[in-house]
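Asks: Listed below, chain by chain, are the residues.
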Amino acid sequence: MEEMISKMKKIAYEDLSTKKVDRVIGFGKGDFIYEANPIFISNLEEVDLLVWDLFCVNNLSKYLINELKNYQKIGIFLKGCDSLGFNQLVKDNKVDPDNVIVYGVPCEGMIDPNKLSKKNLLKDLRYLRRVDEKLIIVTKQGEKELIAKDYEYDKCLKCKHPNPVVYSELLESNTLRNSILTDDFEEVDRIEDMNSEERYEYWSEQFSKCIRCYACRNICPVCSCDKCIFDNLDIGVSGKAKVDSEDQFFHIVRAYHVAGRCVDCGECSRVCPESIAIDKLNRKIIKDITEIYGEYDAGLNPSKSSVLVNYKLEDFDPFETSKGGK
Amino acid sequence: MLLESKENLTIDKEEFKPLIVAFCCNWCSYAGADLAGTSRLNYPANIRIIKVPCSCRVNPNFVLRAFQNGADGVVIAGCHPGDCHYSTGNYFARRRLTLFTSLLNYIGIESERLKVDWISAAEANKFATVMNDVLEKVHKLGPNRKLRDVRWKR
Amino acid sequence: MKKITEEKLPELYSHISQNHDLFVPIDQDDSVNFSLWKDGANVNFDVLKTNTSPKKYIFPQCETFFNFKSEGKKLTIERIKSEEKPYVVFGVRPCDAKSFRLLDNVFLSEPMDRLYEEKRNRGIIVSMGCNEPEDTCFCNSFSILPNSIQEGVDVFTLKLGNKIFWEAISENGVELTNKLSDLLDDVTEGDLKEIEIAKSQVNEKVKELPFSNIDPNEINRDLNELFQSKIWDEISKSCIGCGSCTFVCPTCHCYDIQDYDGNKSGERYRCWDSCMYSEFTLMAHGNPRTTQKERFRQRFMHKLVYYPNNFDEYACVGCGRCVGKCPVNMNITKVIRKLGGENQ
Amino acid sequence: MSCGCNDHIDPLIPQIAVVKSIRSDTNDVSTFRVEKPEGGKCFDFKPGQCAMVSVPPIGEAIFSITSSPTETEFMEFSIKRCGKVTEFLHNLEVDTEIGVRGPYGNNFPVNEELIGKDLLFIAGGIGLAPLRSVINYVMDNRKDYGKVDIVYGARTSGDLVHRNEIFANWPAGMNTNVHLTVDREEEGWEGNVGFVPNYVKDLKFDTNKVALVCGPPIMIKYVLLGLEELGFKKDQVYTTLELKMKCGIGKCGRCNIGDKYVCKDGPVFRCDEIQQLPDEY
Chain A
7 MEEMISKMKK IAYEDLSTKK VDRVIGFGKG DFIYEANPIF ISNLEEVDLL VWDLFCVNNL
67 SKYLINELKN YQKIGIFLKG CDSLGFNQLV KDNKVDPDNV IVYGVPCEGM IDPNKLSKKN
127 LLKDLRYLRR VDEKLIIVTK QGEKELIAKD YEYDKCLKCK HPNPVVYSEL LESNTLRNSI
187 LTDDFEEVDR IEDMNSEERY EYWSEQFSKC IRCYACRNIC PVCSCDKCIF DNLDIGVSGK
247 AKVDSEDQFF HIVRAYHVAG RCVDCGECSR VCPESIAIDK LNRKIIKDIT EIYGEYDAGL
307 NPSKSSVLVN YKLEDFDPFE TSKGGK
Chain B
1434 MLLESKENLT IDKEEFKPLI VAFCCNWCSY AGADLAGTSR LNYPANIRII KVPCSCRVNP
1494 NFVLRAFQNG ADGVVIAGCH PGDCHYSTGN YFARRRLTLF TSLLNYIGIE SERLKVDWIS
1554 AAEANKFATV MNDVLEKVHK LGPNRKLRDV RWKR
Chain C
31 MKKITEEKLP ELYSHISQNH DLFVPIDQDD SVNFSLWKDG ANVNFDVLKT NTSPKKYIFP
91 QCETFFNFKS EGKKLTIERI KSEEKPYVVF GVRPCDAKSF RLLDNVFLSE PMDRLYEEKR
151 NRGIIVSMGC NEPEDTCFCN SFSILPNSIQ EGVDVFTLKL GNKIFWEAIS ENGVELTNKL
211 SDLLDDVTEG DLKEIEIAKS QVNEKVKELP FSNIDPNEIN RDLNELFQSK IWDEISKSCI
271 GCGSCTFVCP TCHCYDIQDY DGNKSGERYR CWDSCMYSEF TLMAHGNPRT TQKERFRQRF
331 MHKLVYYPNN FDEYACVGCG RCVGKCPVNM NITKVIRKLG GENQ
Chain D
8 MSCGCNDHID PLIPQIAVVK SIRSDTNDVS TFRVEKPEGG KCFDFKPGQC AMVSVPPIGE
68 AIFSITSSPT ETEFMEFSIK RCGKVTEFLH NLEVDTEIGV RGPYGNNFPV NEELIGKDLL
128 FIAGGIGLAP LRSVINYVMD NRKDYGKVDI VYGARTSGDL VHRNEIFANW PAGMNTNVHL
188 TVDREEEGWE GNVGFVPNYV KDLKFDTNKV ALVCGPPIMI KYVLLGLEEL GFKKDQVYTT
248 LELKMKCGIG KCGRCNIGDK YVCKDGPVFR CDEIQQLPDE Y
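Residue numbers (this note's numbering), protein chains in the order written: chain A, 7 to 332; chain B, 1434 to 1587; chain C, 31 to 374; chain D, 8 to 288.
Since the hints were derived computationally from the structure, they do not count as laboratory data.
Note that the Cβ used here is the ideal one computed from N, Cα and C, for glycine as well.
Don't take every hint at face value.
What the hints assert, rightly or not - Over 10 Å on every C-beta distance to chain C, these chain A residues come out as not near it, computed from the model:
| hint | residue |
| --- | --- |
| 1 | Asn-72 |
| 2 | Tyr-133 |
| 3 | Tyr-173 |
| 4 | Glu-193 |
| 5 | Ile-225 |
| 6 | Leu-314 |
| 7 | Val-315 |
Claimed, not checked - Between beta-carbon pairs, the in silico distance windows are:
| hint | chain 1 | residue 1 | chain 2 | residue 2 | range |
| --- | --- | --- | --- | --- | --- |
| 8 | A | Asn-76 | D | Asn-205 | 33 to 39 Å |
| 9 | C | Asn-339 | D | Asn-205 | 35 to 41 Å |
| 10 | C | Asn-339 | A | Arg-132 | 19 to 25 Å |
| 11 | A | Lys-121 | C | Thr-218 | 37 to 43 Å |
| 12 | A | Asn-76 | B | Asp-1467 | 55 to 61 Å |
| 13 | D | Gly-195 | B | Thr-1471 | 15 to 21 Å |
| 14 | D | Ala-175 | C | Glu-114 | 37 to 43 Å |
| 15 | A | Asn-76 | C | Val-77 | 38 to 44 Å |
| 16 | A | Phe-38 | C | Gly-182 | 31 to 37 Å |
Let the sequences and hints guide you as you build the complete structure.
Replies: Here it is in structure tokens:
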């Protein structure tokens, strides 16, 4: 970690002072040990604020859209999952990759403070370090060794790309974590196994928790429309009423709108204040695409068009019925 | 809370007249409906046809809004793949609707309620068959309560 | 003062819910939220911060206030009859109880908001003191002690071990207490001592909290100077413009009024709105707050300057919900510090 | 009243009113005359106050009442077509029922500071709407006030509203001058050509009077500068502002400029008050 931080500071300092970039987006330390925030650096003095630890969970790539309006060249620290989002932004023409220098940071999985909190480990947390599969924490009560996997974000447990898929410079060459090669979509299967009443019941309950804060939309690197239909009162789809049908409408439309573009970074579920299983919607679509149209690769290759803006003549046709006579 | 209150559910099955919204492509299915009409084929009267320029014009919002505002079933009908007036529209629609029908099914909407089919301008019989078939299935399922906006008065 | 043991609480709940809707913090799907109590509900008083604040009972996220029908040129408006059944919110922490008072300032000042008033008068607030403040708590910065009896609460309770102490404060509180007298026991000398100790202990704990040095009174409240301050550019950068902070906040009171066209008739409802949203101030001719910086500034200026100018109190109670919920960890504590509101 | 309740204590519930006539002033401005269904004015108000007009299911919008309080039988709104609600209003038929609630906000101090003073009204485009209420009030109580000057401009002569009054009624009033201007030369226009702020400066008013200004934000800004140049002090100038409003009673939280709510503490502000407020309108 310390080594990584000094590498980060070094590269940011170098590139800012040589004017290779005029802005660096990275992580800074928050008020708590378990908190890291996005920071925006233009001055060399601020480079020292950069940190890298087990809580740098935010995907910074979406900030590029706004920051590039004010800065020419931006250096940005991206993890594996973030780099997928970056590629998707490039593919959606929201970010010009020529104006961005990506510092790739391999990631070994981020720790979820809520999971620590559930085990009462958050309070008085003084120090925390990861050694391979172990998590060593020091609290008032003393040192403790935990299994890191038990405290990682759910999204990290399913991580397929711990290493950045695109970068200008890679800050650490060796892979720190084994990626999961086959996705079993176990949580999607579990819902598919229910009957339609149960499924509807399950989702209605999930959706009815929604407070319509739009955090899932705003954090999402592929929800990048200039004006979202839910912010556009004129076209009459943005019902603000807290009724089930409007909640359902929002979530179905949101999920479908990112279909084929969702990079499965899991940020939507992480930021949801009501812990709605948003990613289970996205992952259903990903599962379908994988099964029907082949391997899902959103965010892997910015030059390849996504599933829904493409077609093949021989695509699977679930609708074809026998032709009626004339 | 989640579903419409019980009283609304106990509509007599006999009385139940399903409302089907059909999005029909201007270049084929809509003409097919026309032909079905002029050929005096029987297809149910409680189908509301909405003409769209192409099956790929059907935004998922349309389908959701139809269900919210009283539809018991939705049909999307377009040209046979390969026959699109705009060459490729229905190829895109095919992919989109494949995922969308599957997504709605995942949310818990019975797959019989959302029917996608390809009906050419000459296939008046098919048009009538599909509509009758959807109506029958929806009738069997009963009134749709899912996704329905409780504030909407049908 | 009375007391009841934890084991007897379900009996108390069912007793209260005979005549009232009873709302308590209920643990469901791993998150604790105020919800309607039903037999067998998993009541949780250990988590201090419910996901959203209990303000939803006096100021619901969405409420329809009239139905309308227009036929030809005729328009009829039918006001929605209010519910009659009184309700009890059990377990309102002192910070949240204070927030009710802050909302009162807005809604009950002339011209009075009748929708709010009606709900406010129908409810009985049973407050509960805190013994173990969390790291994200900073109620003390707004002079709210974790076990203080806030103005406007009807009953104050304190949970120590498996005992819940029960003290009626208002007339309504006394009435409720009398109805429950079979279930409540008298307190002993020892109990009172225990409460005293607990209170002084928690007051010490509060001083040790990470945010204990935050003091909004240190902010120089010159409106225009703060408004033009350069720091807004800097601290609003990371804000993604969602409404999480606003919607979990117990003191945010902005709302929108919209019509729903329900075919044969329609309804007008009001619903929570957030000043963080881009279309919040959008008019046909333009928008006075075009960037997130302006919207971000509005939210915090409102809490720390505008509201205090109008009502002599800060529009924040230090509950810390926004601290936990912000997707990018930008919250009011950081803003207060940046504005100079910190004790050394 | 026909809304099903006997009193209108709930400030968010509109009362039913009838659009009695719609007069088209220009191609995008119409004046709507509104009465109670059984006849008579919906409520009393003071010059400069606003009312919320509801057209379910489209929504609500706030408009300044353009008729004078001295008018006992009806209220009038001059409304420019620019958004959803206004579009709907413009397409209404006469005798349609709408909802009205109010009055909201403060008013021009016609019975306080303005009494006995010379008055200078400066309006641009649809900005005449709120001032017309004051002007007509002054006309109806003519002896209480001194000399009246009205400067009014619009983009073209076709965009001038309330033509009857600006061309006939007001110029005929005692000790009253109406100065009209249009932005660009046009055939058949014999009055002044030029922007309102410049015209105000050209007219070289003496400063022994109170100015009341309303118009598009950019015009207000330059008029205030122009008045300052002529020697007006900030406390001699009043203007009326508008922002997005939903509740009209200072609670919904969107029309604030600093700690002031336009719907409650405004819409009429004296210029020295505005100067205290942050620049966010």
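Asks: Each hint needs a verdict: does it hold in this structure or not?
Replies: Quick rundown of the hints versus the structure:
1. Not every C-beta of chain C lies more than 10 Å from that of A/Asn-72, the closest at about 8 Å, which undercuts listing it as non-interface.
2. Once the 10 Å rule is applied to beta carbons, A/Tyr-133 is consistent with being away from chain C; the minimum gap is 15 Å.
3. No beta-carbon of chain C comes within 10 Å of the beta-carbon of A/Tyr-173; the shortest separation is about 23 Å.
4. Listed as a non-interface residue, A/Glu-193 keeps its Cβ farther than 10 Å from every Cβ of chain C; the least gap is roughly 14 Å.
5. With a minimum CB-CB distance of about 5 Å to chain C, A/Ile-225 fails to clear the 10 Å threshold, and the non-interface call is violated.
6. At the 10 Å boundary, the C-beta of A/Leu-314 stays outside the reach of chain C, the nearest C-beta of that chain being 25 Å off.
7. For A/Val-315, the non-interface assignment is confirmed: its Cβ lies about 26 Å from the closest Cβ of chain C, beyond the 10 Å cut-off.
8. In this structure, A/Asn-76 and D/Asn-205 meet the distance hint of 33 to 39 Å, their C-beta atoms being roughly 37 Å apart.
9. About 38 Å separates the C-beta atoms of C/Asn-339 and D/Asn-205, a value consistent with the hinted range of 35 to 41 Å.
10. About 41 Å separates the C-beta atoms of C/Asn-339 and A/Arg-132, a value inconsistent with the hinted range of 19 to 25 Å.
11. The beta-carbon spacing between A/Lys-121 and C/Thr-218, approximately 41 Å, falls within the hinted interval of 37 to 43 Å.
12. Here the CB-CB span from A/Asn-76 to B/Asp-1467 is close to 57 Å, well matched to the stated 55 to 61 Å.
13. For the pair D/Gly-195 and B/Thr-1471, the supplied restraint of 15 to 21 Å is violated, since their beta-carbon distance comes to about 60 Å.
14. About 59 Å separates the C-beta atoms of D/Ala-175 and C/Glu-114, a value inconsistent with the hinted range of 37 to 43 Å.
15. In this structure the supplied range 38 to 44 Å holds for A/Asn-76 paired with C/Val-77, their Cβ-Cβ distance being about 42 Å.
16. Between A/Phe-38 and C/Gly-182 the beta carbons are some 32 Å apart, a value that agrees with the proposed interval 31 to 37 Å.
Going down the numbered hints, you'll see the structure goes against 1, 5, 10, 13 and 14, while the others check out.
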